[in-house]
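Peer 1: Just so you know, the sequences run in chain order A and B. Heads up, the first sequence is in this note's numbering, so the first residue is 1 and it goes up one at a time. Heads up, the second sequence is in this note's numbering, so the first residue is 1 and it goes up one at a time.
Check the hints yourself; a few may be wrong.
[Unchecked claim] Cut-off 25 Å, straight-line C-alpha distance, at most; resulting in silico cross-link-like pairs (SDA-like, lysine to any residue):
#, chain 1, residue 1, chain 2, residue 2
1, B, K62, A, F110
2, A, K330, B, V74
3, A, K330, B, Q17
4, B, K139, B, L121
5, A, K308, A, M111
[As the list claims (entries may be wrong)] Using C-beta positions, here's what the derived DEER-type ranges look like:
#, chain 1, residue 1, chain 2, residue 2, range
6, B, Q12, A, E242, 39 to 47 Å
7, B, G42, A, T193, 17 to 25 Å
8, B, M154, A, T193, 57 to 65 Å
9, A, F124, B, V41, 27 to 35 Å
10, B, E97, A, S125, 25 to 33 Å
11, A, T357, B, Q12, 41 to 49 Å
12, A, E269, B, Q37, 55 to 63 Å
13, B, L51, A, E269, 23 to 31 Å
14, A, I500, B, L137, 52 to 60 Å
15, B, Q37, A, K249, 38 to 46 Å
[Stated by the list, open to error] Non-contacting residues of chain B with respect to chain A, defined by C-beta distances greater than 10 Å in every case (computed):
#, residue
16, G21
17, L22
18, F28
19, S44
20, K66
21, D69
22, I71
23, A87
24, E106
25, V113
26, Q129
27, K130
Keep in mind the hints are simulated off the structure, nothing from the lab. The structure presented is a predicted model; accordingly, all values stated were derived computationally and were not measured. Even for Gly, the Cβ is constructed at its ideal location relative to N, Cα and C.
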Amino acid sequence: MSAQIPEVRSTEELREKWNKPEVISGSEILLRSLVLEGVDTVFGYPGGAVLYIYDALHGFTDFKHILTRHEQGAIHAADGYARASGKAGVCIATSGPGATNLVTGIATAFMDSVPLVVITGNVFSSLIGTDAFQEADITGITMPITKHSYLVRDVEDLPRVIHEAFHIANTGRKGPVLVDIPKDVSAAKTLFTPVTTVNLRGYNPRTVPNKLQLDKLVRAIAVAERPIIIAGGGVIYSGAHEAMFEFVKKTEIPITTTLLGLGCFPSAEDLWMGMPGMHGTYTANNAIQQCDLLINIGARFDDRVTGKLDGFAPKAKIVHIDIDPAEIGKNVSPDIPIVGDVKTVLEMLNPEVGRATKADAWRKTIAQWKQDQPLRYKDSETELKPQWVIEMINETTKGEAIVTTDVGQHQMWAAQYYKFNKPRSWITSGGLGTMGFGFPSAIGAQMAFPERLVVSINGDGGMQMCSQELAICAINNIPVKIVVINNQVLGMVRQWQNLIYEKRYSYTDLGGSPDFVKLAEAYGVKGLRATNKAEANAAWQEALETPGPVLVEFVVPKDENVYPMVTQGSTIDNMLMGDE
Amino acid sequence: MKHTIAVLVNDQPGVLQRVSGLFGRRGFNIESITVGQSEEVGLSRMVIVTLGDQSTLEQIEKQLYKLIDVIKVVDLGSRPMVARELALIKVKSEPAERPEIMGVIETFRASVVDIGSTSLLVQAVGDTQKIDAMIELLKPYGIKELSRTGVTAMIRGNG
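Only chain A is shown next, with the shape it has when bound in the complex:
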């Protein structure tokens, strides 16, 4: 089977081809507009209300359309595509059930500020509001989980709406934008004139920060004795990783990167303290609690990071840098608020800042903590430990793979034990914690980077939430390496039951999971299983050497817990460190 992943097309050529005014249908306007926005891949699922659009897609080759097996698979794939590439992900679904099946994926992207343009069909305009067959008020349903949404009532508006949708999705704080197109609008014909300008009075994201606040930060760094940086997903989204690296190198301030910030700073660097928060490192959490200057760059003080807000960073002067003014002061009120694009802010700061000279003792303390309290687990020679599996994947891929995960224990172990050195190589549902996200998002990431190694790490629970997408891996020969860490239980929930609910394991034993190897093979994907280290090494090696998609199941014990752990309602320096 040959790879059917599209080659990169020249948008300039297509631009010329499609840029001429012509009388065409709303459906054709949509497709041309997508091409003009630089779209090369669309994930979707047809249905009655998008029949005109799919009719226009028949034989259309200017971008690739991937037919998933469920709308949820389509939107998570579009999300993975967006997170890997930095471009807006696009997906198409029909009205009613097709549209509502997107809701989880839209909410996932919204929570993690991922740019998506979501196209849904709707019933004929004349039928809207009549409870027509497959009608749902999808703009109403998704209002709280989209950055903006449109119900297109007139085909004349379509070119403008599509252009605005991409503009809104991919600027400022990024996010999903929904465009709902009634069937008569996708059928109607009009003279298409491409729209290239945007005129939105109510939308002016502020990218350039206030200079006075920057000066305050520069002075604060000079006098700080125990400064730290918390860097989040915003660093990656704004493309600020190089500026971030320079900032840390110049100031020599220790840095912790949040779950979504992993990869924005090389994990091999001495100043990196690991991840903060509920499953953060001893070093990062203690550093937060004891620092006198906390510089938050593109992170939103999520409760999984802060723990109990009342006791969070009690000694620190707080600096918050964010593109979204509403994040400033939402959870933690900063002493120095800086609204702006992270990259712009750091590039303005870098020439002004110098080494934090008063922090030498602090750097020593942090180095000592890192040495005394590294992440650790009790390895076994008879059983496969999940942490060991992640370490093996890390070593064999040399930290170069794009890793996507589902949600649960395997996600936290992957975050802890995979060593990220590059931005956009870590794709995970942070804010919403969406099970079923891991595998389809890997398909999207692989579509964005056909040549890169994409490893999708899943639990046995989450794998079963979108396993039907194995079909599209097989059919399109999308060479994702699918890892299933099978502990036979819903591990993270069980861990809480173990530690907080006195071992009452209420409905977390999955019992009759499928034979994952046979499941993969049923879809035409190679399946392998490992139950000990020797088998694990061999199976993983075989997976890496096999062209095309492979699923590898690693059978691990069910009683392994993720440590450190901060229980809800505690301050983050109250960590359970595990048995050893």
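Use these hints to put chain B onto chain A, whose structure you have.
Peer 2: Chain B only, in chain A's frame:
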């Protein structure tokens, strides 16, 4: 603490839903909300009365600005403002009670806009406290129906 904010929005279908939905899901309180045309074609002005401390008000403003259809948010309470609401009150009134009730109405400079055989329909315009006070005084006669518009407001002077 009570705050009155004016929100200038695009006159688009669904804008009221976006704004009220934002208040609902973020746990902000809406005491009253009025909406109507503004001085500019294509734009509507909403006046929202809300309860909360200063930091809640700040979040409300910031979150409102995140809506693409929101053009401008003004905290009216930060400057001297005129705030008015309209109330229609149908009050029970036997012919013998009418002069007494008329006395109350005149004191508040309200007006009678309809008279039934056993009721009066009273129209009152004023700030919230004035209307509250008038309703208190009319209650003993028996209020059959009450409809209030909520507050609309504007800053005094040329600004």
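Peer 1: Of the hints stated earlier, which fail here?
Peer 2: When the structure is compared with the hints, numbers 8, 10, 11, 13, 15, 16, 17, 20, 21, 22 turn out to be violated.
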